[in-house]
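Q: Protein chains in written order, with numbering that gives the first Met the number 0: chain A, 0 to 278; chain B, 0 to 316.
In case anyone wonders, no lab produced these hints; they're calculated from the structure. From the three backbone atoms N, C-alpha and C, an ideal C-beta is built for every residue, glycine too. A few of these clues could be false.
[As the list claims (entries may be wrong)] Simulated coverage check for chain B against chain A, where a stretch passes if three residues somewhere in it have a Cβ under 8 Å from a Cβ of chain A:
hint, stretch
1, 28–37
2, 148–160
[To be verified] A short list of chain A residues far from chain B (calculated; beta carbon distances all over 10 Å):
hint, residue
3, G42
4, A45
5, T190
6, Y244
Given next are the chains, with one letter for each unit.
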Amino acid sequence: MDRAARRRIGNSIFVVLCGIATLIALAFLALILWTLLTRGVGGIDAKIFTMDQPPPGSPGGLRNAIVGSIIMCALGMAIALVVGILAGTWLAEYGAGTRYGAVIRFLNDVLISAPSILIGLFVYELLVAPFHGFSALAGGVALAFLATPIVVRTTEDILSLQPGALREAGMALGASRAFVIRTIIWKSARTGLLTAGLLGFARISGETAPLLFTSLGNLNNNYSQLTQPMASLPTTIFQFALSAYDDWQRLAWVGALLIAVAVLTINIVGRALARETRP
Amino acid sequence: MASTALEAPRGAPPGHATGEIIFRSACLAAATLLMAALAGVIVSLFIGGLPAFRQFGFGFLTSTTWNPVTEVYGAAGPIAGTLVTAFLSLAIALPLALGVSVFLVEFCPARISRPIAIAVELLAGIPSIVYGMWGLFVLAPWFAAHVQLPIAMHATPGGWVDKLFAGTPNGANIFTASLILAIMILPYMAAVFRELFMTVPPQVREAAYGLGCTPFEVIRAVVIPYVRRGMIGVVMLGLGRALGETMAVTFIIGNAHGFPHSLFDSGSTIASTVANEFAEATSDMHTSALIALGFVLFVITFVVLAIARLLLREEKH
């Protein structure tokens, strides 16, 4: 066989192997989504949204877990948006090119991939152990620590894309930088900032590990007390899936489906918005 | 971007400079808070784990006894489980992720390349607890029936196959945990690889094609060398993910404390041990030992992630 033929064959083998890798990856992912749909859809009925989680053997739903998740995610996002947008603004507008800015950006990148269970342990030491009790508040703070780095990174990216002419125009009129950033740059980047929030939200809405030691979980309904343990969808799924009861396991599949659908939807909306904002 | 400080023009309204200072300080404070968060994690884990480190000394890292009843804690089992599952999952995911990203960037028709890339990226965001449930209820039973049992039945007792693959045939073991981890980090690594490959300038590629290279040769001799440092960065990022992944592993690793003796032995990782026991730990020493485990995990992942980020950051220019 001559050299050219050998090279051609080697190339074909490589192309086929790459294609097979792609098929394997897609097959696994399709398999997981298929399992979620087949085991989860059948269990969805009105009770899921109107009844609290039941003791084994009796009918019930996931209302308290869903509401608890929404409350703690909202709390986490409220903190993450304020801190994240301000910090991202500093990195893009004031700290760009400075040494301190480079350090913060690096640490933020490390925080993005830091294991969430460690953030949970940290918040346990910070808010649970000193006050002798698991609480929804601690859960929200743990989620805030996870969402903030993502908001920071996206905010910085989006603000850096805003044209310098906008800043120059504002400052030429005698406005301060802070005024230009608040009234012109943020406004021109508002869809991007919304994206930053959505990506952070998508990250935390399925988080389980940090909630296990901060908000714990709660069979009862106590939305009003942020200083008490609170149920959340992921911790309920964890508890129900590992239980020995069939009806609890069925509810866990419904919960897993709800979370997966929520995360995928938020991600898709976030990405669609992000594409729109790129100039 | 202009970064020179702008002084308030003469005759500007009062409060103009003050507002600037307040806003700027608020932004700086928020940025500094990120640093404080990371410092807070490491300090609090160290302080929390101190009693266990004091009590067991270096033996905490080398002893394989983990016994809450007698209050003796040694972390060698979970540490070994963490490292073995992380590297095994990397070994499975790396060739697949490379294949997927090369296929998407080089060979796939543009019309279907984009949807597949988006699908892969979306799946990287699916919560780990969902992967965990699938692993426990679908993968583990299948694995036990179609892989573990046949191997156990055909292996000569005492032979190397028997030793390497020994274990209760219930599908919850080190190997299936690594498989689930591999499935989880695969879409993530493929997405970053793809981004990296797209930074290679088309001229470089076209020059190689102009010399008569096949696509395989272009990738091997031009594309991969061009982004080599970044590729090591992606591998380290994937490793960092696999090391710290919690829920999926907790579902499927079998949660045995001892040192794993074979691939199909049940075991534990640092993250799974903490997730399983933390809320139920009753003694102070038990809690402290678990936090000390967290500290060990933090040190390992921090080093891995820091190297990954440094390599990837340099690659972007």
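Q: For each hint, tell me whether it holds in the structure or not.
A: We went through each hint and held it up to the structure:
Note: the stretch 28–37 of chain B has 9 residues with beta-carbon separation from chain A under 8 Å; the three-residue rule is met and the coverage holds. Given as covered by chain A, the stretch 148–160 of chain B fails the check, having 0 residues with a CB less than 8 Å from a CB of that chain where 3 are the minimum. The Cβ of G42(A) sits about 13 Å from the closest Cβ of chain B, beyond the 10 Å cut-off, so the non-interface label holds. The non-interface label for A45(A) is consistent with chain B: the shortest C-beta to C-beta separation is roughly 24 Å, beyond 10 Å.
For T190(A), the shortest C-beta to C-beta distance to chain B comes to about 19 Å, beyond the 10 Å cut-off, and the non-interface label holds. Taking the minimum C-beta to C-beta distance to chain B, about 14 Å, the non-interface status of Y244(A) holds against the 10 Å cut.
The structure does not agree with numbered hint 2 stated previously, though it agrees with all others.
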